[in-house]
Structure formats: structure tokens, C-alpha cells
Amino acid sequence: MSFFNIQALTYLDCGPINLQIEASEIIGLNGSSGSGKSRLLRSLADLDEHTGNVSLQSVDQHSTKAHIWRSKVALLSAETYWWLDTVAAHFKNYPKQQATEFGFVNDVSAWQVSRLSSGEKQRLGLLRLLENNPDVLLLDEPTANLDPENAQLFEDFVTNYIYKHPACAIWVSHDVEQLKRISQRQYKMQNGLLVSETKEI
Amino acid sequence: MFIKLTTFDLSLAAVLVVLLGVLSAYMKLGIAKQLYIAALRTTVQLLLIGLVLKNIFESTQPLFVLFICLIMISVAGWEILSRQKRKLKGWWGFGVSTGSLFVSSFLITVLSLFTVIQADPWYSPQYAIPLLGMLLGNTMTGIALGMDRLTQTAWQQRPVIEQRLMLGESADKAISDIRSEAMRAGMIPIINSMAAAGLVSLPGMMTGQILAGAEPVEAVKYQILIMFMISAGTGFGVISVLWLISKRLFDDRERLCFKRLLKQSGD
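Residue numbers (our numbering), protein chains in the order written: chain G, 8 to 208; chain V, 266 to 532.
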């Protein structure tokens, strides 16, 4: 059994989708808008209704409490939301060290959320998600709002986490070059199905 | 001592309501129709109840009193539902509002009739019905406000709730802020009237009793009793409604389940 196992997953008019992902592995996923990529990630995080089996380290999705599943199979949506006043209020413990590594020169923990740029929100959104130490990262166009320099930082940060933890990730992006750079296998979402874009070994 | 109102006096007041409606229509605030219907209803309903209230008060049939009470509760439940922009689908909407009114108003009325007022018999309609009426009238305002605030805010803040779910928060935690906000909204009217009682407002029942010749201190005691019952009733009612609805807004996998809400309605 693989680290993260997706079997006969169907949702709305998509699927069945089968995918096995090993630890330390990143899967790249692209496809036109509206092809169901985001819905796939939402189903894997159990935020949308779906059928089929998803399991993490041989533990079935539905034998885990939903909120515990989501802390292990963590979804970073294309846009992150912040509902409290300050940045730090959204964290259990604001990870100052990690934030510096992630390109934050100033300490933004006491900042009002409204001061953050969309790129900063995206990076802090990842840090916030990583507080749960997830085993699976579902990244929905995570660098769409970042400049090339910060996108590079983001890629390095995620890859580093995936190897260290070890975790696995599904990375959705329109940037095919980026997917080739960071992922071991690439897929395309087409007519509700996953089509492999890498040569089978 | 008792000054009789003439039809002219009432018409004068009615003109004010009409003016308000005209102004609201002019400013496109969209409340005129609802206001006129409510004003018409208050007139017709009060005139009708005025005709039969004496007979009802003289009844000693417990089943009859219970029947009247059930009608009052269902109507109040229905009215709560009519004030909602987004209500739960099917029988849930009516069930939740009426059920919580039952818990908050009916049980509290019965409790105080039994233990505090101790009329003979305890269900004497001249105590039971006005008491229940005052409780229902006030708790239904609180419940309607709290309920509307909860569903409306949850609807508007869907992305935030889902973001919190994505961060591994339980459904209960993810909606907790919205729930306490809704609780506050539901409790403001009664907290206001308790805080202002005697200084700003002279409660109608107490004033009426004193005008009718009752001992002021006795009338005040009754009013305090009523205030406490209303605040407890409103509080318990709003809590039970918020608890039920926030459960209902999520499915068994802690996903937001807005398909259980009806589309926005005009009222």
C-alpha cells in the first residue's frame, strides 16, 4: 500500500481517479480552468462530497474524524483567508525562524492582516498550514500571485518540507515548466480524468 | 382617570405609519409593504382578540387553555421563520423555531405558573395566557434576530469557515465566532430593556397595573419576574436555535452544507 492512496475517486462529473503517491513525492497537475483540479483537491481534503476510497498510510479517510483528516491532508487554496486582526492571531505559535527563511525580512507577526500583499498572504498561509505538520500537501496554484523570486522561494520551501517530513504533495499549476522542475510525475486533468504526462517506467 | 381614544386619535397615529411607508418607498428601502401588512394585522388581530379575550379568561377547561397556547406558539414559530432571509429547508425551519419557543417560553411559563404564581387552578387563563404571550413576544424577537444573523453571516463568510476547516478546525470551532456574534444579536433587545427599565422605559404591564390601582411595589415585583423570565427564555431559546442550526449547517463529515438552506427570500 502506498503512502497516499486514491482509488476510484469520483466527484460531480469527474473520475474515476486512481493515484498512488509515495512519501517524499510531489505530483504535478495541470489542466484547463474548470477541468476539476480544485474540486479534486477539495475532495481529497474531504471538503466536497465524493465517492471512492482515499487512504493515508493505510488509514481510510472516513475512519478518521473529518477535522483530523484535514489537519493531515492539508489544502492550501489559491486564495487564503484571514479573519482575525493580526497575523500572529492566526497561528498557534508564530514561526519567526521559518518566516525569515521564507523571505520575510521584517517581523510581520504584529501586522494588521490588511497590510499583507497577496504574495505575503500566500506564504504565510503555507506556514499556517504547516503548523499542523500535515502528511499530504494539496497546493492549488500556490505561486500564481508570487513574483519569480518568491515563487522560487516557495518551491524550495515546499520541496524541503516534503523531503524532511517526509510528506507528499499534489501541486496544481498552469506553469508546466514549474511542474517539471518540482515534481517527479506530471498529470493533466482531461475530461474529468487524470492523464499521465510522464513516460511510464 | 381613563381617557377614551376616539377613531380620530387612532387615525392620527395611522397617518404617521402611512407617512413612514411613503418615505420608505421614496427612498427605496423596501419596507413599506411589510410595514402596512403588519400594521393591518395588528389592528385586526387586536380587535378580534379584544372581543373574545374576556370569554377566554373565564374558561376553566385545561385543554382549551393548552389549545390556545399551542396556537400562540405555532404562530410565533411561523413569524420567526417569516423574518428569515435564509431558512432551513423543509420542516426543519418551522421545527427548530417552534421547538425552541416551546423550550424557552412554554416550559418557563409552566414552571413559573406552578412554582411562583400558584394561581388556582395553576393554568388559570388570565395568568397563563398573558404570561406566555409576553414571553413569546419577546423571545421570538431574540430568536428571529439570532437565527437570521447566524445563517446570513455563515452564508457571507463561507470562505472563512472553509478556510478554518482546511486548517483542521472542527465544524464547531469553525463557526464558533459567528455563533457568539449571533447570540449577542439575539440578546441585545432584552439586555437593552432590562438595563433601561425604570430609567428610560416604564414597562407596559407594570404601568398598566399601577394605573388600574394595584400597589406599585406589587406591580414592580411582577415586572421583575417577567423581565427575568424573558431574559432566561430568550437566552435558552437563542442558544438552542443556534446549536441546532449550526449543527444542521454541517454534514457528518464537517462540511458546510448550504443546500439545506433555502435560497434568499424576499421578506
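It is possible that part of the hints are untrue.
What the hints assert, rightly or not - Straight-line alpha carbon distances no greater than 30 angstroms define the calculated DSS-like cross-link-like pairs of lysine-lysine that follow:
hint, chain 1, residue 1, chain 2, residue 2
1, V, Lys354, G, Lys99
2, G, Lys79, V, Lys354
3, V, Lys319, V, Lys438
4, V, Lys438, G, Lys128
5, V, Lys438, G, Lys103
6, G, Lys72, V, Lys319
7, V, Lys438, G, Lys99
8, V, Lys528, G, Lys79
9, V, Lys293, G, Lys72
10, G, Lys72, V, Lys354
Simulated from the structure, these hints should not be mistaken for laboratory data.
Verification of the hints:
no. : hint                : result
1   : V/Lys354 x G/Lys99  : violated, 38 angstroms
2   : G/Lys79 x V/Lys354  : violated, 33 angstroms
3   : V/Lys319 x V/Lys438 : violated, 51 angstroms
4   : V/Lys438 x G/Lys128 : holds, 22 angstroms
5   : V/Lys438 x G/Lys103 : holds, 26 angstroms
6   : G/Lys72 x V/Lys319  : violated, 59 angstroms
7   : V/Lys438 x G/Lys99  : holds, 15 angstroms
8   : V/Lys528 x G/Lys79  : violated, 34 angstroms
9   : V/Lys293 x G/Lys72  : violated, 49 angstroms
10  : G/Lys72 x V/Lys354  : holds, 27 angstroms
Hints 1, 2, 3, 6, 8 and 9 from the list above are not met by this structure, while the remaining hints are.
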